[in-house]
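Student: Chains A and B, in that order, are what the protein sequence lines are. Quick note on numbering: my numbering labels position 5 of the first sequence as 5, and the sequence is numbered without any gaps. Quick note on numbering: my numbering labels position 320 of the second sequence as 320, and the sequence is numbered without any gaps.
These are calculated hints, taken from the structure and not from any lab test. Even for Gly, the Cβ is constructed at its ideal location relative to N, Cα and C. Take the hints with a grain of salt, since some may be wrong.
[What the hints assert, rightly or not] Listed next, with one range per pair, are the computed distances between beta-carbon atoms:
id, chain 1, residue 1, chain 2, residue 2, range
1, B, Pro74, A, Glu139, 41 to 49 Å
2, A, Asp251, B, Gly144, 41 to 49 Å
3, A, Pro409, B, Gly144, 50 to 58 Å
4, A, Gly55, B, Ala143, 51 to 59 Å
5, A, Asp54, B, Gln201, 30 to 38 Å
6, A, Thr415, B, Lys380, 28 to 36 Å
[Stated by the list, open to error] Away from chain B, derived, C-beta distances all over 12 Å, residues of chain A:
id, residue
7, Asp7
8, Ala65
9, Val73
10, Gln112
11, Gln126
12, Pro221
13, Ala299
14, Glu383
15, His480
16, Pro530
17, Arg557
18, Asp631
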Amino acid sequence: MPKLIIDDIPVEVAPGTSVLEAARSVGITIPHFCYHPALAIAAACRLCAVKLLDGPVKGIQMSCALPAQDGMVVSTTDPEALKMRSLVIEWLMLNHPHDCPVCDEGGECLLQDFTIAGGHSHRRYQGKKRTFQNQYLGEGIQHEMNRCIECYRCARFYQDYAGGTDFGVMGSAGRVYFGRFQEGPLESPFSGNLVDICPTGVFTDKTGRFRARYWDYQFAPSICQHCSVGCNTSPQNFQRETIKIVGRRNDQVNGWFICDRARFDKGYLNDPQRPREPRLDGATCGDDVAVDAAAKSIAEFVRKNGADSLALVGSPRLSLEGMVLLAQLARAAGGARLCYFGDPAQQQGSVAAARLLREENSAYVRDIEQAQWIALHALDLIEEAPMLALSVRKAFLAGAQIFLVDGDPIPARNTPPFKYTAVESLDQVPFEKGGKGVIICGAGKKDPDLLAQIASCGAKLVMLQPGANGFAAGLLAQEHAASPLADLVAARQVRGVVCFEADVPEGLLSGLEVLASADWRRGPVEAKSPIFIPTTTWVESDGTAINYEGRAQRFQRSRLAGLPLKGLDPKYYGNATEAVTLHPPRVHREEVPGGAERDAWQVMAQLIARLGGEPVVEPLEGKWSALRSLDPEGEGIRIFEIVAGE
Amino acid sequence: MELPLFRHNRPNRVVTFDEYREEGGFEALKKAFSGMSPNDVQQAVMDSGLRGRGGAGFSTGRKWSFVPRDLPGPRWLICNCDEMEPGTYKDRVLLEHNPYSLIEGMTLACYALGVRHAFIFIRKGYEKAAANLARGIEEAKKAGLLGEHILGSEHSIDLDLHLSAGRYICGEETALINALEGKRPNPRSKPPFPAVKGLWQGPTVVNNVETLANVPAIVANGAPWFKGLALNPEGAGSKLFCVSGSVKNRACVELPIGTTLGDIIDGACGGMRDGRKFKACIPGGASTQFLKPEHWTLPMDYETVAKAGSRLGSGGVIVFDEGHCLVEATLNLITFFARESCGWCTPCREGLPYVKEILTRIENGRGEEDDITILREHVKYLNYTFCALAPGAMAPLDGLLRDFEDEVREHITKKKCPFKG
Numbered sequence: 001m002p003k004l005i006i007d008d009i010p011v012e013v014a015p016g017t018s019v020l021e022a023a024r025s026v027g028i029t030i031p032h033f034c035y036h037p038a039l040a041i042a043a044a045c046r047l048c049a050v051k052l053l054d055g056p057v058k059g060i061q062m063s064c065a066l067p068a069q070d071g072m073v074v075s076t077t078d079p080e081a082l083k084m085r086s087l088v089i090e091w092l093m094l095n096h097p098h099d100c101p102v103c104d105e106g107g108e109c110l111l112q113d114f115t116i117a118g119g120h121s122h123r124r125y126q127g128k129k130r131t132f133q134n135q136y137l138g139e140g141i142q143h144e145m146n147r148c149i150e151c152y153r154c155a156r157f158y159q160d161y162a163g164g165t166d167f168g169v170m171g172s173a174g175r176v177y178f179g180r181f182q183e184g185p186l187e188s189p190f191s192g193n194l195v196d197i198c199p200t201g202v203f204t205d206k207t208g209r210f211r212a213r214y215w216d217y218q219f220a221p222s223i224c225q226h227c228s229v230g231c232n233t234s235p236q237n238f239q240r241e242t243i244k245i246v247g248r249r250n251d252q253v254n255g256w257f258i259c260d261r262a263r264f265d266k267g268y269l270n271d272p273q274r275p276r277e278p279r280l281d282g283a284t285c286g287d288d289v290a291v292d293a294a295a296k297s298i299a300e301f302v303r304k305n306g307a308d309s310l311a312l313v314g315s316p317r318l319s320l321e322g323m324v325l326l327a328q329l330a331r332a333a334g335g336a337r338l339c340y341f342g343d344p345a346q347q348q349g350s351v352a353a354a355r356l357l358r359e360e361n362s363a364y365v366r367d368i369e370q371a372q373w374i375a376l377h378a379l380d381l382i383e384e385a386p387m388l389a390l391s392v393r394k395a396f397l398a399g400a401q402i403f404l405v406d407g408d409p410i411p412a413r414n415t416p417p418f419k420y421t422a423v424e425s426l427d428q429v430p431f432e433k434g435g436k437g438v439i440i441c442g443a444g445k446k447d448p449d450l451l452a453q454i455a456s457c458g459a460k461l462v463m464l465q466p467g468a469n470g471f472a473a474g475l476l477a478q479e480h481a482a483s484p485l486a487d488l489v490a491a492r493q494v495r496g497v498v499c500f501e502a503d504v505p506e507g508l509l510s511g512l513e514v515l516a517s518a519d520w521r522r523g524p525v526e527a528k529s530p531i532f533i534p535t536t537t538w539v540e541s542d543g544t545a546i547n548y549e550g551r552a553q554r555f556q557r558s559r560l561a562g563l564p565l566k567g568l569d570p571k572y573y574g575n576a577t578e579a580v581t582l583h584p585p586r587v588h589r590e591e592v593p594g595g596a597e598r599d600a601w602q603v604m605a606q607l608i609a610r611l612g613g614e615p616v617v618e619p620l621e622g623k624w625s626a627l628r629s630l631d632p633e634g635e636g637i638r639i640f641e642i643v644a645g646e
Numbered sequence: 001m002e003l004p005l006f007r008h009n010r011p012n013r014v015v016t017f018d019e020y021r022e023e024g025g026f027e028a029l030k031k032a033f034s035g036m037s038p039n040d041v042q043q044a045v046m047d048s049g050l051r052g053r054g055g056a057g058f059s060t061g062r063k064w065s066f067v068p069r070d071l072p073g074p075r076w077l078i079c080n081c082d083e084m085e086p087g088t089y090k091d092r093v094l095l096e097h098n099p100y101s102l103i104e105g106m107t108l109a110c111y112a113l114g115v116r117h118a119f120i121f122i123r124k125g126y127e128k129a130a131a132n133l134a135r136g137i138e139e140a141k142k143a144g145l146l147g148e149h150i151l152g153s154e155h156s157i158d159l160d161l162h163l164s165a166g167r168y169i170c171g172e173e174t175a176l177i178n179a180l181e182g183k184r185p186n187p188r189s190k191p192p193f194p195a196v197k198g199l200w201q202g203p204t205v206v207n208n209v210e211t212l213a214n215v216p217a218i219v220a221n222g223a224p225w226f227k228g229l230a231l232n233p234e235g236a237g238s239k240l241f242c243v244s245g246s247v248k249n250r251a252c253v254e255l256p257i258g259t260t261l262g263d264i265i266d267g268a269c270g271g272m273r274d275g276r277k278f279k280a281c282i283p284g285g286a287s288t289q290f291l292k293p294e295h296w297t298l299p300m301d302y303e304t305v306a307k308a309g310s311r312l313g314s315g316g317v318i319v320f321d322e323g324h325c326l327v328e329a330t331l332n333l334i335t336f337f338a339r340e341s342c343g344w345c346t347p348c349r350e351g352l353p354y355v356k357e358i359l360t361r362i363e364n365g366r367g368e369e370d371d372i373t374i375l376r377e378h379v380k381y382l383n384y385t386f387c388a389l390a391p392g393a394m395a396p397l398d399g400l401l402r403d404f405e406d407e408v409r410e411h412i413t414k415k416k417c418p419f420k421g
């Protein structure tokens, strides 16, 4: 363990730690641009210069590329180091445009920070700034090459980390250019990370430009709900609108990055057409009116038809809290049936995966990254769990063999960033005893026997769940012996349903009476439902999700529910004729327009109370209470012990 | 005593394979293969005191000794023929007259280092030299001196010619390795050094053309003979000096190490042109400091030139007379370096154009007093770059500010170049 002194502070770090990281460990941030913890060391920007006063190395050194050694005496504030750093800023500012006021990066720009910090305020250079032509990079990312400070982060991420081939560096000397090699949008499904990784405004999020500054945003730690990987994100909200979504570091899940679906697929959150008002028989009503009517309707139905002809239908879209309360609501309704899935095949696979996975065999991300063999079982990884493709790529680069077992040919647009061999069966994958192997498969719609066979190979397992919270749905469906709705309908066992964030296909609905539904999006259930109660999306709610590996993660409300101010219907302005659609309303209101939504579990809690059940104060009770204190900014916890401990 | 490199040269044409062999060519190879172990060959090169002729002047024997012998997998030898520094054209002259010394030298080096496959990395513009080498390689193969089972032995050595697209940075050995692998020619960070992890991550030696072309004579005649070629006791061997600028005969000449600057100019080059007076010269290619009239009797060897505050470098001598403006000359060199930066690290990519802008203003009479301060900052802080390109580029600027500051100041105070009417 090397011991060194940085700015008079003694530091002891693990061997191989750089001086920059050692300094960071005691709270000293050495300015840097090209250094990024997820990327290989480049030592290109030369901003992290420090002076070594004593020890095995002396003089000005780049702290990112200098491994800490015993006896080093490092000064980050030596005048020579300061001069070097201020010159680096001056050099970068020779060509960087002074366009911060019209740059979307302004306020969250590393170059701004370090220019101010570096003390370069007076322009001595008398030459002209160089200019470039920008490229069209697609609908997600705006390109502004004039701002480039050539830290090479983008090319190193895009090519080395993410395996992209259509974007990189061109030219040399003062004409280095980062862009696509030919016309057209970026092809990598991870291209959006260029926005996060660029230290200045070369790549900005085109889908949310010029709406707000960094300090305007409401943030909270959140979990992406697009697939069962559960990547950590930070939605950036402004005036009840999710403007941007950026990646948030969690080394146990997604590292530093997120896929483009997580970043750009957000229009549905802001959609003014989302059902936001409680409804009774087609007419907008108060929240209590709708809940009362729903409770009354349930009680009536149960009294007439018996509780077992009523099904309460949820889905993997619900948070764990919602899933737990759905079961309580079924009890309060006198023992109504419980559905967490519509499709029997999906439930079978999900339940089987949740049953087969244990602490010992459920793969951690590092198991994937360090594997020697990886088998993708009938899986289009980029489609089903894009971020895992980057973990597999890490293993591939370290020499792992990758196999696609029994899979359909992968469409060209989903070509993964690693080479693989297509084989017909798992027997052809050379898993050796004691070796590190991982099998990745989709659990939804897989035959439980096949999943059991896969689990018996001795490799670590990744079983991707249908939906963001599929693991929890599988667990609860098993615990409560829930049946898939399609089975109940086929057996004519139910006649009425109450749906909570459940997507029931129209075919299934035709013979059913929909008593009430609660959701944040429109669909056949919502259309058919005489009583409708709006709920919040994951951006507007607190909750817990369990990802494919059994990791429970807490997401936090990052903005209030309600209609975005932008484009707000003039009816909320008090004067429908006034053309003020882009300006905040001038009429004071007590309530948030369109803000009647509550988390689905809160709706369930109200119904439970109305139906005479035990009042719900806290949705996570019993074994789940261990998850109440889950830190939204932590790594999450795997739930196997909790489940086993019941 | 006959100097090794140019002794086979014919005026105005390339020596033929037969002529080279008749004059003792490939005898060193036979000698090595019939009675010397690879270690013997390496030891001879070590003892000869041969130093890298590409510019850095590092001991060739020591460079070879850094290659670990116990690593599995292939190791590589690369001949660096990316000769692009302004004022340096010795490798071109050598190869346009005689490709065989290099081919024989590389074969011997491969034998010494245990290399199966070697590359010659040759720059664009050297098509004639490349054609000579291509032909020479074929001839040597046909004669059993290269390829499978050389001279009937168990040793097989292949030599490939790689025609580069041509950038100055490709002369930096790690950038060259990247270029040869088909990547962008950005230098790699060191350590690991190429001797441990170079081409395709294997141990790799990169030597200059002239360095390798010296090897046959060392093996044939022995290390003491080679050492004895030099005129000064510390030196070893001969050196190709390629002279340009204000001399009567601008030529590439082979002279013993230790020949004085005056003897190179007055002797081989026939003196200054048109009776001009010697003002300064760059002794070893564009990335070396100026030498002045007081250095006229300086023996041209690595140590002595370094003590005089410059470097022997590549032996590319550019001679300036009293009518030359050294601000303009330095600007010319900086323009080259600014253009040839690979663009990897900030100080080189941005600092060199900055220096160029300032020198341009000074030369055009728009210089300011503060400019000298800024230039001095660059001389100091452009040392902290990723590779040696920018520090090399600062050498002539450093020399300019050290030895000719008055000339720079005159530009600023008179608001014009004093050498222009």
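Student: Now tell me, hint by hint, if it's right for this structure.
Tutor: Verification of the supplied hints:
Evaluation of the 41 to 49 Å hint for Pro74/B and Glu139/A yields a pass: the beta carbon distance comes to about 48 Å. Separated by about 60 Å at the C-beta atoms, Asp251/A and Gly144/B break the suggested range of 41 to 49 Å. Taken as a hint, the range 50 to 58 Å holds for the pair Pro409/A and Gly144/B, whose Cβ atoms sit roughly 52 Å apart. Take Gly55/A and Ala143/B: their Cβ atoms lie about 57 Å apart, and the range 51 to 59 Å holds.
Distance hint for Asp54/A and Gln201/B: a CB-CB separation of about 35 Å, consistent with the stated range 30 to 38 Å. With their beta carbons about 49 Å apart, Thr415/A and Lys380/B fall outside the hinted range of 28 to 36 Å. Every beta carbon of chain B lies more than 12 Å from that of Asp7/A, the smallest distance being close to 20 Å; the non-interface claim holds. Not every C-beta of chain B lies more than 12 Å from that of Ala65/A, the closest at about 6 Å, which undercuts listing it as non-interface.
Residue-level check passed: Val73/A sits 19 Å from the nearest beta carbon of chain B, beyond 12 Å. The beta carbon of Gln112/A sits about 17 Å from the closest Cβ of chain B, which is more than 12 Å, so the claim that it is off the interface holds. Non-interface call for Gln126/A relative to chain B: violated, since the shortest CB-CB distance, roughly 7 Å, does not exceed 12 Å. A cut-off of 12 Å between C-beta atoms confirms that Pro221/A is not in contact with chain B; the least separation is 35 Å.
Distance check on Ala299/A: its Cβ is at least 73 Å (rounded) from any Cβ of chain B, clearing the 12 Å threshold; non-interface status holds. Distance to chain B confirms Glu383/A as a non-interface residue, since its nearest Cβ pair spans about 32 Å, more than 12 Å. Non-interface call for His480/A relative to chain B: holds, since the shortest CB-CB distance, roughly 57 Å, exceeds 12 Å. Once the 12 Å rule is applied to beta carbons, Pro530/A is consistent with being away from chain B; the minimum gap is 66 Å.
Residue placement check: Arg557/A keeps its beta carbon more than 12 Å from all beta carbons of chain B (closest about 42 Å). No Cβ of chain B approaches the Cβ of Asp631/A within 12 Å, the least distance being about 38 Å, so the stated non-interface status holds.
Consistency note: the structure conflicts with the earlier hints numbered 2, 6, 8, 11.
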